[in-house]
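Residue numbers (this note's numbering), protein chains in the order written: chain A, 1 to 121; chain B, 1 to 421; chain C, 1 to 478.
Treat the hints with care, as some may be off.
Derived BS3-like pairs (lysine-lysine); straight-line CA-CA distance at most 25 Å [claimed, not checked]:
1) B/Lys57 - B/Lys81
2) C/Lys468 - B/Lys181
3) C/Lys167 - C/Lys194
4) B/Lys179 - A/Lys84
5) B/Lys179 - A/Lys76
Calculated directly from the structure, the hints in this document are not laboratory data.
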Amino acid sequence: MEIRKLTCISCPMGCPLTVEMEGNEVISVTGNTCKRGDIYARKEVTNPTRIVTSTVKVIGGAADMVSVKTREDIPKDKIFDCVKSLKGVEVKAPVHIGDVILPNAGGTGIDIVATKNVEEV
Amino acid sequence: MKSYDIVIIGGGPAGLAAAVSAKRNGIDSILILERDKELGGILNQCIHNGFGLHTFKEELTGPEYAQRFIDQAKELEIEYKLNTMVMDISPRKIVTAMNRQEGLFEIEAKAVILAMGCRERSRGALNIPGYRPAGIFSAGTAQRLVNMEGLMPGREVVILGSGDIGLIMARRMTFEGAKVKVVAELMPYSGGLKRNIVQCLDDYGIPLKLSHTVVDIKGKERVEGVTLAEVDSKGKPIPGTEEFYTCDTLLLSVGLIPENEISNGMGVEMNPVTSGPKVNESLETSIEGVFACGNVLHVHDLVDFVSEEAATAGRNAAAYVKGERRSAQGHEIRFLPVDGVRYTVPVTLNTARMDENLTVRFRVGAVYKNCYVGVYFDNERVIHRKRQIVAPGEMEEIKLTKEQLLKYPDLETITVKIEEA
Amino acid sequence: MYDVIIVGGGVAGAASARELSRYKVKACVLEKEEDVCCGTSKANSAIVHAGYDAATGSLMAKLNVRGNAMMEQLSKDLDFPFKRTGSFVICLSEEDMPGLQTLYDRGVANGVKDLQILNREEVLKMEPNIVDNVYAALYAPTAGIVCPFHLNIALAENAFENGVEFKFNTEVQNIRQTENGWRIETNQGAYETKYVVNAAGVYADKLHNMVSEKKIHITPRRGDYCLLDKTAGNHVSRTIFALPTKYGKGVLVTPTIHGNLLIGPTAIDVDDREGTNTTAEGLEQVIGKAGQNVKNLPLRQVITSFAGLRAHEDGHEFLIGELEDAKGFIDCAGIESPGLTSCPAIGEMVAGILKDKMGLELKEDFKATRKGILDPDTLTKEERAELIRREPAYGNIICRCEMITEGEIIDAIRRPLGAKSLDGVKRRTRAGMGRCQSGFCSPRTMEILARELGVSVADITKTGGDSKLVVGINKDTL
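So here's chain A without its partners, still in its complex pose (with noise of 0.2 Å):
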């Protein structure tokens, strides 16, 4: 049995909690005072994800660069990969909220698109 302790980020009580694992089941959660607790502690233990945001750089835009985020959560465990694959990445401008900035981003599937509207000058 594995026993994973996190921080609920659900309020600001913060709940230190304490779940207990069978492989990648869960057998129980404590230490949290709400049912919010639970549900964020079974999630962040057996699928834990973040949106990822960054930068890109802009050609011939009216800013240098270009805010960027994963279309969807990725796992935890790839926002290196994720990050690292936009390195030397570079948009032509204009670019708009939404547009594809990069593809199966890291090998994660999901594309990164553009935050941000940066015009052509």
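Given the coordinates of chain A, assemble chains B and C onto it according to the supplied hints.
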């Protein structure tokens, strides 16, 4: 001289939401004056996600959240000027502004909405001893360099202050290849959101040292390292606890200050606790027809509440211009923040002017667990709300209704306090 | 081969260069930093002292009073800000009155005009924020405040325009006598000169001792200061000194020429000649003592703290003159307070020595005046509108705390001996010197510097050398 019904100072989230709301409440003649080259304010450099959960029921990044409001403002054909600095505003609402194209010019306003936002506290405000080399940045300046210009402020970073910008920058610098060694926080608790501590520090193994501060900065040309020390309950460094960290960068995330130089120049009455104007239930300052909202009024932690507050200011400014503002019959009821409650916004209310509902926002001065938020109409307790936790980093609110207030025609003081269980 | 090489581009060196540039002479200033005004001259109280402190008959006393008298005309000629605000020395008890009387008598003997001793009521009427238990004060109406950066830069620019060369990032390593004069070895190669002026500040003893058997010794004496926001700038309207008592020397409280309030300094002897770090003890002392004479100080309004080093010579006297055992080597050493006040007179004296030794002739085309960076605040609205029409950059505010425009920053970079770094821009324009301490404007100023100097933003430094502000581009090490 050009004249507008409403001139809004600042085109960030507060200014945009105020403009949109004023327009929807029937005012056509609106002008936003923005000092930067684009609308959106500080959101443009806040590229992380987590904005908009309350307003749009989805998680947006800062630029996306800003764009939603920019799109609304453009759809409503609200006029704005970019790269324009407001130099001062006279008490009679003559706005003096300047830009490259028009030079120095004046605009007459029937109503003014102050939405200038805030600035970061600097090293000087903390009197951190040591050298003054390159490599000391406020977290927001570093954020601008990395996110807007693609420039790395440093490779090895120590962060002082666990405000949200500092936490966000810890993760951001890590993503760009820097090593963030430690985050030090003077207080025994973090000023940032729990979620940011977990997702910006814990996820990357960055230690957070509570009750610690920087006591020395080494390096004559570029930062070479900083010394941290533990502090006692009064915030004084404890001798013998010093620990040296090699680094080339010190980021400061040590608080935000509403940027009220223009308000001061006009003679607006200020609240020394918030460093923002004193406002009534209409978010109107001590000068009639001058309203304030967003971080210039008091520093917020969630932009959603900025937008909500700004919409209220915009609606009230519109009513003022239309002459619909219910006359100031009745009397001013005063808010009294005590026992752990540091301030309230607004500071007064008048039932003759108020809407059916009023949101009163406040902050507490320390962390309280299992406590109650108590609201007293004079000596009678009317609200006694259980809270598992309240913390200085998270703004609190209470809702009052006109119906409820009208039952107390002689009410003078509304006391808001934290009551321990 | 130069006629004269001046080592040091602080106020003493720059004033000497400027006065010397009245004559037909081939002169050069060697400065180890990237700009003038980088040592003692940039971090001090910025006071123009009346002249009652120095011992009667000393060179310090003489040059102080003379420098004070020259400052007003010089500020007009060279267009730098100076204001004769007056000063008080505060006496808190009857017991200490003899000390105050001594200062008064010495001032009179030194030739200081219009000194008065004021009683409690008179003091409080003129300065309501003096502590209630004030007993009396020495009032010196001739004291004033000046911008030390602008003074130093104005002197250097004017010297440069009159033909004096300036070599920056040039550190003297050795000085040797030659047949015709001196050979100065630096990190940038060697220079030959007939005469040397040693205006090397805290390093002046090192230079002196390279050539003379009569050794001198300079101690870097650190002074810590706190600068308060402009909202506190009117707290007092004169420089408020503490009367030294048996409990020690107090600190001063003064408005600055740009409208801030300055408190300090400490006096802490250090070993490191570059040791301009503030310390917790130093800042505590400043804050603790500032309230002794001035009440209700808004100490929450501190926007920055800094420290400077005084070049304290053991004999506490200006050492100005040709060395007996090293002819052609002119000391300008031990220039500590009141060095800033005295600098116009120091320059005059140094140039006078050289003129006499070398038989220099006046130049016909000497340009005695210089225009500073235009401060748009001094213009009427119409003039300002016209300026922006002509130069749109004056309509673009870069530093919003001090309201400094792009036009002023461009001027600071393009003018003779222009700014090359963020601090160089700051000293010339005040951009970044306000309450946010450059948080907002530094990325913008860096962009302007890069554009104007034709370099990458990544190469812009805070203050030359290894003080780069950014270290690379995003993800470059990933």
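Looking at the structure, which of the earlier hints fail to hold? 1
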